[in-house]
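Both chains come to you apart, so use the hints to assemble them.
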Amino acid sequence: MRRCDLCGKNEAVLTVRQLDKEGRATELAICAECAKKRGFTSVEDLKKNSQELLDELRARIDEKDKKVVCPGCGMSFAEFKRLGRLGCACCYETFADHLQPLIRRLHGAVQHIGKGPQQGRKKAQERLQVQRLRAELEAAIKDEDYERAAALRDLLRRAGDESGT
Amino acid sequence: MSLAPEKVGAWLSGTGPESDIVISTRVRFARNLADVPFPVRMKPSEQELVLETVRWALAETGYLKAGQFFENGLLNEPDGLYFVERHLASPDFISAQNRKALYVTDDETLSLMINEEDHLRFQGLAAGLDFSSAFARAGGLDEKLEGQVAYAFSPDYGFLTSCPTNVGTGMRVSVFLHLPGLVLTREIEKVLRGAYSVGLLVRGIYGEGSETKGNLFQISNQKTLGQSEAEIIEVISGICRQIIDYEHKAREYLMHNLRVEVEDKVFRSLGILRGARIISSDEATNLLATVRLGVALGIINELKLSEVSQLLLLIRPANLQAILGEKLEPADRDERRATFIRQKLVR
Chain L
1 MRRCDLCGKN
11 EAVLTVRQLD
21 KEGRATELAI
31 CAECAKKRGF
41 TSVEDLKKNS
51 QELLDELRAR
61 IDEKDKKVVC
71 PGCGMSFAEF
81 KRLGRLGCAC
91 CYETFADHLQ
101 PLIRRLHGAV
111 QHIGKGPQQG
121 RKKAQERLQV
131 QRLRAELEAA
141 IKDEDYERAA
151 ALRDLLRRAG
161 DESGT
Chain F
1001 MSLAPEKVGA
1011 WLSGTGPESD
1021 IVISTRVRFA
1031 RNLADVPFPV
1041 RMKPSEQELV
1051 LETVRWALAE
1061 TGYLKAGQFF
1071 ENGLLNEPDG
1081 LYFVERHLAS
1091 PDFISAQNRK
1101 ALYVTDDETL
1111 SLMINEEDHL
1121 RFQGLAAGLD
1131 FSSAFARAGG
1141 LDEKLEGQVA
1151 YAFSPDYGFL
1161 TSCPTNVGTG
1171 MRVSVFLHLP
1181 GLVLTREIEK
1191 VLRGAYSVGL
1201 LVRGIYGEGS
1211 ETKGNLFQIS
1221 NQKTLGQSEA
1231 EIIEVISGIC
1241 RQIIDYEHKA
1251 REYLMHNLRV
1261 EVEDKVFRSL
1271 GILRGARIIS
1281 SDEATNLLAT
1291 VRLGVALGII
1301 NELKLSEVSQ
1311 LLLLIRPANL
1321 QAILGEKLEP
1331 ADRDERRATF
1341 IRQKLVR
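Residue numbers (the working numbering), protein chains in the order written: chain L, 1 to 165; chain F, 1001 to 1347.
It should be emphasised that the hints constitute simulated quantities derived from the structure, not laboratory data. You may find that some hints are simply not true.
[Stated by the list, open to error] Once the Cα atoms are required to be at most 30 angstroms apart in a straight line, the calculated DSSO-like pairs of lysine-lysine come out as:
hint	chain 1	residue 1	chain 2	residue 2
1	L	Lys115	F	Lys1065
2	L	Lys81	F	Lys1043
3	L	Lys81	L	Lys48
4	F	Lys1065	L	Lys81
[As the list claims (entries may be wrong)] FRET-style restraints, in silico, Cβ to Cβ:
hint	chain 1	residue 1	chain 2	residue 2	range
5	L	Pro71	F	Ala1136	54 to 62 angstroms
6	L	Glu136	F	Pro1044	33 to 41 angstroms
7	F	Pro1044	L	Arg82	21 to 29 angstroms
8	L	Gly108	F	Arg1203	47 to 55 angstroms
9	F	Pro1330	L	Arg82	31 to 39 angstroms
10	F	Glu1071	L	Glu147	49 to 57 angstroms
11	F	His1248	L	Ala59	51 to 59 angstroms
12	F	Ser1090	L	Ala139	42 to 50 angstroms
13	L	Thr26	F	Met1255	53 to 61 angstroms
The beta carbon of each residue, even a glycine, is placed where N, CA and C say it ideally should be.
Excised from the complex, chain F in its bound form (with noise of 0.2 angstroms):
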């Protein structure tokens, strides 16, 4: 059981369809198990009993073999935002003190995190704009664990979970967006509430709630009920096909009439991240999202899309230590951070 903080997910190191727009793909299922009660009342031995059944319905299924089984002291904090930072667990389970455990496969594609809100919370990622994939890998372990367990599920109110915002059909569907060109033209605002309109969830992905930092959007339904899983996915879908449209055409007027800014922008962005001796986290995600407009529009070619992506995740304050090898102060991160993106970028 170890890290590899070098590689990153699949998801993070091939490019996928839209990728120059879309980042990521997700489609996460909550369940739970019948006849045990939700986590909020569940008794340690409980606890312990839905983790070891769970952990037997993996290597029944295959699938234990072809990731890494991880329990309690490396979910904790502050070890645990390795994981956080990675997309394969939520902060709130980071932070939670009962029996839990997480299950990655070695590509990160899928993940599963065991006593979180409910039972079982797993999720499918996969690059770019990419539904089926995401789906198929999250499916497919739905699929294979069910033959194993019984869900808590009635026929009215479907798969049944702790919180009813989450009953039903129990998939959230999440994706990832690059949005500079709507934001420079100020038109991201008409372009969310559309989403809104059709009853999707918008917000950023860093920073804290609702703050955007480096133009990076997640766009998620809000709904999971009376909708089939089919249909979920063709509504968003079809928005983030008209947010990518409308991206593509906003940077096509950003070429066309303010080629110079644009590239300006981009060339002193990638100036500081190479010659900085000091860089916090934020800074470096706001400059690396500019550096990757610049990749995406032809403006910069030594570097690769999936670089900078890869980059986004390795500069963030766990991942960072675990590629380093050491535990840092954040003045010391702040400083071994602009070395290391300084070593990344070389040419």
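The following block holds chain L by itself, in its conformation from the complex (with noise of 0.2 angstroms):
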């Protein structure tokens, strides 16, 4: 079920899609409250506003990216695709959701084939483990869940994470 862009909430029942001068599609997908409140009463109506309403969804995908903010560095996502250049290794597992279909588009691929630093490589999976630890710790805590966020910050002492929050 494809949800509305404008609320995302309720399922979208018409979808307009728009190419850029570059062919690339940006597709905006609508319910049918959302049509009604801002007075579309036909398909004529929404391809006629597509691109203002194409314009607010950016703006508002813009937005948000300004909040997905990267621990390691602070870069912000929209940082990122303004500069064109990542802050940190980190930024890789911050933003990967976000990155993945770009690498995709980029390369044909997601998955790195070649070769990879013998010692380095321990230590990173090592870093990768303690990272993962920290995020459910941070969970954890907000859901109140004192106990398991005991046990996971036990378990972050061990893999040498001295700040261990």
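Laid out in structure tokens, this is it:
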């Protein structure tokens, strides 16, 4: 089920697709309620106003992207879009959802085949484990599941993470 | 720490396989240290940290004493252009105002930029069509460094780079080719489209943007993720062999059907180079490239390919001034360049 891009709640009943100058497509899906709220009574209405809606949608995506911030370097995804450069290795994890389609488009693949550093790999895997534990710890604290949080904190200490929140 | 402008890199003074068409092969790796932000987000203290760490690693692995380590002053404009012309550093590296360093082996076949777009960008260069030498040089440094430092790496995305276009192997392979035959027989477009169709990038070596001077082209891989290093090299190697074959056929055609026209063009070029009193870098590049064709076809016997390749480098603005030991205004440069070329081509 495709949700409405404007309210994010209801099922979309109409979709408009637009191609920009570079041939990239943006899709806008809208539910009956939002359509009625904006006074669209027909598909023609929607088509006529689609540019405005798409601009609004893009602006909203940009706002959301500004809020996605990498804990390692403080870069927001909006900033990455502007600079074309990532700020640190953690960005790949932080922006994973956004980056995967981009990487697939650039390379036609999302899995590394080829050599890897022998020493670094083990270290990097350990670090990744620490990152995952930290994320779970934060989630547990947010859910007020303090027993689980305590257990995770112990695991983190054992994994060599001194700060351990 | 000094420049030796009269000496050119070994990859320019040797001849190498297929050197009548291929000038050189380059294999470049991009790497970042783990636990430090990428250059776009580095504080000055972090830039310093990376620089010192890499310098230390080069010393530990024995590389440092086999080359030179250049820092800041020499790496900014206009002096830094010397390294750009020698294909040892990128224009971006030279114009950036951060804490950076450049390591170059004495024979210039291996160089490393510290704190360009990524912490480490190093490349192996070889004369002619020679992937294995270029790969061995760059790969050798990679393996040695990795024993000393921890690289930013993920099992999914491979070596992590600042720009996602380089992620994965972080490897960019480039071949520098001279294709006057295909340009003159107007088959170059077809050939380049063939390269694009297998995901390779083509651009002119000299000149702004995609403009080509001297019929000199650079072919590189575009994708760095999803293929192994060996696979990437195999694809570009296959296309290059095809292009070399087409260029040979084009040159044969020209010599068979338009021999006098080709000789005329070649000897006129040599004539201007031997007689001109004022010559720009662009004009000299075009003429020298034509002379190179003449040598490759056996029309000119008194010059060697390596001599022409070297001249193509030494007449460029920063290198010319380095050899003459003087800073010159463009007008003076054009005059001194003409004198320099006449002296080099005396027989």
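Consistency of the hints with the structure:
1. L:Lys115 <-> F:Lys1065: Holds, at roughly 28 angstroms.
2. L:Lys81 <-> F:Lys1043: 21 angstroms, holds
3. L:Lys81 <-> L:Lys48: The hint holds at about 29 angstroms.
4. F:Lys1065 <-> L:Lys81: 42 angstroms, violated
5. L:Pro71 <-> F:Ala1136: 54 to 62 angstroms: Cβ of Pro71 (chain L) to Cβ of Ala1136 (chain F): about 39 angstroms, so the range 54 to 62 angstroms is violated.
6. L:Glu136 <-> F:Pro1044: 33 to 41 angstroms: 35 angstroms, holds
7. F:Pro1044 <-> L:Arg82: 21 to 29 angstroms: With Cβ atoms ~23 angstroms apart, the hint holds.
8. L:Gly108 <-> F:Arg1203: 47 to 55 angstroms: This hint is violated: roughly 21 angstroms between Cβ atoms.
9. F:Pro1330 <-> L:Arg82: 31 to 39 angstroms: Since the Cβ atoms of Pro1330 (chain F) and Arg82 (chain L) sit about 37 angstroms apart, the hinted range of 31 to 39 angstroms holds.
10. F:Glu1071 <-> L:Glu147: 49 to 57 angstroms: 55 angstroms, holds
11. F:His1248 <-> L:Ala59: 51 to 59 angstroms: 57 angstroms, holds
12. F:Ser1090 <-> L:Ala139: 42 to 50 angstroms: With Cβ atoms ~43 angstroms apart, the hint holds.
13. L:Thr26 <-> F:Met1255: 53 to 61 angstroms: Taking Cβ atoms as reference, Thr26 (chain L) and Met1255 (chain F) lie about 55 angstroms apart, which means the hint holds.
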